[in-house]
Amino acid sequence: MNKILVTGATGPQGEAVARHLLDAGFKVRTLVRDPSKAKDLADKGAEIVRGDLDDADSVADAVEGQDGVFLTVGFFTGTHGQARTVVDAAAAKGVRRIVWNVAGRVQEQDIGNPAVDKWRPILADLKAGGVPFTVLQPTVYMENFLNPAIIKEVVEKDVLAYPMPDAAHTQWISHQDAAAYTVAAFERDGGDSAVVDVSGPEDLSGAQVAERFGKALGRRITFRPMPPEEFARTFPPGLDPAPIVTHYTNVFAHPEIMTSNVDHEAALRLLPVTPLSFEEWVRMYRDAFTAR
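Residue numbers (the UniProt record's numbering): 1 to 292.
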């Protein structure tokens, strides 16, 4: 397997995947709506193809001749129909593997959040599509802390705020590690399919995350559980805040929703990677969290 189509390559997850694939020696084609936003990937050696997941013809053209497809569906704006278009094109064009990063965990039944409820029918399409697949179910991204409002409070007050109750703990993962798991999935031999829970190496509460920030930044950082409504206000205009508020309100009422119990070692046996610790991740972004 050598040629991989990457969807969502101008987003943070897709771009990380494209870069990791290129670094690993794969030939990468990206499907993007605006090629000007993928100039850095083009400079790195990726083939940039204009298209849209809502346009079946452009998806089919992009899939043509590819060995594998990386699928990501926008959390708020992506649809089940977009994913089905990719799955159908992959089956028609003889793709050998689809790797889908869910950006969460597929639920067994609808939970009333459209952003999450679309994942279950996508998984059903993959199972029925006939193309071997690897579904990656990451925990919670460390990059969520790059929200400008969160950064501002760390810089100005030495306070790390996040909508996470004290009782919850999560095995945080970085975009870089999710991309590394993706590369490992494409490197696997065989025609088997798998759904794999993936995470970073540490299981941390909010207070423990703040402690890791403090070690990396060289100063004491305290944790503040951010109310869901406040968190929703930190997102860009145009996004419907209701799913965000609903999800995190449920998290505060039921901390087990955010609490993860991933068998990290089992994931590493299947997909060998070297994940970042939280302190290592913070050190990568030290300048962002330091007053100038």
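Incorrect hints may have been included.
[To be verified] When the alpha-carbon atoms are kept at most 20 angstroms apart in a straight line, the in silico EDC-like pairs for lysine to aspartate or glutamate are as follows:
{"id": "1", "residue 1": "K118", "residue 2": "D197"}
{"id": "2", "residue 1": "K215", "residue 2": "E256"}
{"id": "3", "residue 1": "K93", "residue 2": "D55"}
{"id": "4", "residue 1": "K215", "residue 2": "D110"}
{"id": "5", "residue 1": "K27", "residue 2": "D61"}
{"id": "6", "residue 1": "K27", "residue 2": "D55"}
What the hints contain is simulated information worked out from the structure, not anything from laboratory work. Keep in mind it's a predicted model, so treat the numbers as computed, not measured.
Check the hint pairing K215 with D110 against an upper bound of 20 angstroms on the C-alpha distance.
Cα-Cα ~40 angstroms, so violated.
Pair hint outcome, K27 versus D55 [Cα-Cα no greater than 20 angstroms]:
With a Cα-Cα distance of about 24 angstroms, the restraint between K27 and D55 is violated, given a limit of 20 angstroms.
Can you confirm whether the C-alpha distance between K215 and E256 stays at or below 20 angstroms?
27 angstroms, violated
Quickly compare the C-alpha distance for K93 and D55 to 20 angstroms and report which way the hint goes.
16 angstroms, holds
For the pair we were handed, K118 and D197, check the Cα-Cα distance against 20 angstroms.
Given that 20 angstroms is the threshold and the Cα spacing comes to 18 angstroms, the pair holds.
Within 20 angstroms, alpha carbon to alpha carbon, are K27 and D61?
Holds. K27 to D61 sits at ~16 angstroms (cutoff 20 angstroms).
Violation of the numbered hints given earlier is confined to hints 2, 4 and 6; the remaining hints are satisfied by the structure.
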